[in-house]
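Quick mapping for you: the protein sequence lines, in order, are chains A and B. Start counting the first sequence at 4; every next residue gets the next number (this note's numbering). Start counting the second sequence at 4; every next residue gets the next number (this note's numbering).
It is possible that part of the hints are untrue.
Since copy identity is lost for identical chains, a pair holds within one copy or between any two.
Each computed DSS-like pair below joins lysine-lysine, with the alpha-carbon atoms no more than 30 Å apart [unchecked claim]:
#  : residue 1 : residue 2
1  : K43       : K182
2  : K118      : K162
3  : K71       : K162
4  : K104      : K182
5  : K118      : K182
6  : K167      : K104
7  : K104      : K49
8  : K71       : K49
9  : K104      : K162
10 : K118      : K164
11 : K71       : K167
12 : K56       : K177
13 : K177      : K71
14 : K6        : K71
15 : K104      : K177
None of these hints come from the bench; they were simulated from the model.
Okay, here's what each chain looks like letter by letter:
Protein chains: 2
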Amino acid sequence: MTKIIVLRWGHRIRDERLTTHVALAARALNATGMILADVKDEKIQKTINSVVKNWGGSFFLEMGTPWKTALSNWRTRGGVVVHLTAYGENIQESDVMQRIKATHRDILLIVGSQKVPSGFFSSEWTDFNVAIGNQPHSECASLAVFLDRFYEGSELSRKFKDAKLVIIPCRNGKNLVSKNLEKLKIT
Amino acid sequence: MTKIIVLRWGHRIRDERLTTHVALAARALNATGMILADVKDEKIQKTINSVVKNWGGSFFLEMGTPWKTALSNWRTRGGVVVHLTAYGENIQESDVMQRIKATHRDILLIVGSQKVPSGFFSSEWTDFNVAIGNQPHSECASLAVFLDRFYEGSELSRKFKDAKLVIIPCRNGKNLVSKNLEKLKIT
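Isolated chain A, as found in the complex:
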C-alpha cells in the first residue's frame, strides 16, 4: 500500500491544538507518520505518544527537520511531494488524483498554513499542487478529504495493531472496550 507521510509546515506554539488535530486526522485516516517541519513541540509529541500507546498502530511524529532537508531527502529516495493548497488543481475538477496515483510512489503530503514558502508552489520542490476546492480552507479538513479519497474509504475499516482501547461502533451511546475485552463504560 502507498505510504503517505504528512509534512506540517508553519506550526506555531499557539497552534498547538490545531497541529494536534492535523496529526490525529493523519493517524486516523491511515497516514504513516507526520514531520513537524522546522520546530519542535514536546506537548504535541506527548499527546501523540499517548494516543498511539492506547489506541495502537505505529504512527510516528518527527520534529524539527528543516523543510528543505525533508523534501530533498524524500525525493532522493524516490518519493513524490504533494502540496495541499487552495491555489492548486481542483481535486474534483481535474485528473490530478489519477496522475498522483499513477506514479505508484510514496507521498510526502505538505499541509501548510497561511503564508507558505513560495518554493512549495514550484516544481523545484513539489510535484503536485492540489486544492480541496479553491476556497479559503482548513488544512486539517483538506488533509482529511485527500486521505479519504486517496485510500477510497478503506482507511476507515483499518484495525490498529496492539490497541489497548477499541470502540465498538453503535447507534446510540458509547461502547469502549479495553484490551482484555472488559467493558469500560457504557452510557
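Given the structure of chain A, go ahead and fit chain B onto it with the hints provided.
What follows is chain B alone, placed relative to chain A:
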C-alpha cells in the same frame, strides 16, 4: 439540495483557531451555516464575515444559542440531527449514510469536542451517531469527510455568488483574480 447546518459544541475562547477552521471547512464544503452553541466569540464572527465578504456565498454564523434550543427548534421544523462521534456507526462499514440520505430532510450536523453532553448520544436529542472511523479524531477532519461524502464531491465545483476574489486553479504558482478580473498576484 439538502441543506446542512453545522452545530459546533464545546467552543472555548482558546479554541478560536480550531473553531474558525471548522467554520471555514463547513463553508468550503457546502454547509449553509454554523451555529456556535452556548457561547459567543466576536473574533470568529469577524473572520467569517470577512471571508464571506471577499470570497462570496451566503454562509452564516449564529452564536450563543443553547444547544437544547437549537436541537428542539430543528426537529420541530422537521430536520434530522446527526452527531459526528468516534463512538457512532462507522460511515464506511455501515449503511448509515444511505439511511441519512433516505430521510430527504435537512441536517443539523453536531461537531463536538472531547466531553460532549450525554444527550448527544441519545435518540431523545439526535437521530444518527456517525463515526468517520472509530479512532480518536479531529472534529474538523470528520466534518470534512462527512460533507465530501454527503455531497459526493459536487461541493468542490460550486461557484460562490458575489465573490470579489476567485482562484484560477493551476499546477504551479498562484492565480488570484479580483472581481474585475484584474490579476492581483502571480508568483
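Okay, the hints, checked on the actual structure:
1. In this assembly of identical chains, the alpha carbons of K43 and K182 never lie at most 30 Å apart, being 32 Å within a copy and 41 Å across copies at closest.
2. Taking the closest pair of Cα atoms, K118 and K162 come within 30 Å of each other only across two copies (25 Å); inside a single copy the shortest separation is 37 Å, beyond that limit.
3. For the homomeric pair K71 and K162, neither the shortest alpha-carbon distance inside one copy (34 Å) nor that between copies (36 Å) is at most 30 Å.
4. For the homomeric pair K104 and K182, neither the shortest alpha-carbon distance inside one copy (36 Å) nor that between copies (36 Å) is at most 30 Å.
5. Taking the shortest Cα distances, K118 and K182 sit within 30 Å of each other only across copies (23 Å), while inside one copy they are farther apart (44 Å).
6. In this assembly of identical chains, the alpha carbons of K167 and K104 never lie at most 30 Å apart, being 34 Å within a copy and 35 Å across copies at closest.
7. Proximity of K104 and K49 under a CA criterion of 30 Å is satisfied in neither setting, with 33 Å inside one chain copy and 40 Å between copies.
8. In this assembly of identical chains, the alpha carbons of K71 and K49 lie at most 30 Å apart only when taken from the same copy (26 Å versus 35 Å across copies).
9. Proximity of K104 to K162 under the C-alpha cut-off of 30 Å is found in both arrangements, the shortest distances being 24 Å within a copy and 27 Å between copies.
10. Taking CA atoms no more than 30 Å apart as the test, K118 paired with K164 passes between copies only; the shortest distance there is 26 Å, against 37 Å inside one copy.
11. In the homo-oligomer, the alpha carbons of K71 and K167 never lie at most 30 Å apart, since the shortest distance is 37 Å inside one protomer and 35 Å across protomers.
12. In the homo-oligomer, the alpha carbons of K56 and K177 lie at most 30 Å apart inside one protomer (21 Å), although the nearest pairing across protomers, at 41 Å, exceeds that limit.
13. With identical chains, the CA atoms of K177 and K71 are at most 30 Å apart between copies only, with a shortest distance of 20 Å across copies and 44 Å within one.
14. In this assembly of identical chains, the alpha carbons of K6 and K71 lie at most 30 Å apart only when taken from the same copy (20 Å versus 43 Å across copies).
15. In this assembly of identical chains, K104 and K177 lie within 30 Å of each other by CA distance solely across copies; the values are 24 Å between and 37 Å within a copy.
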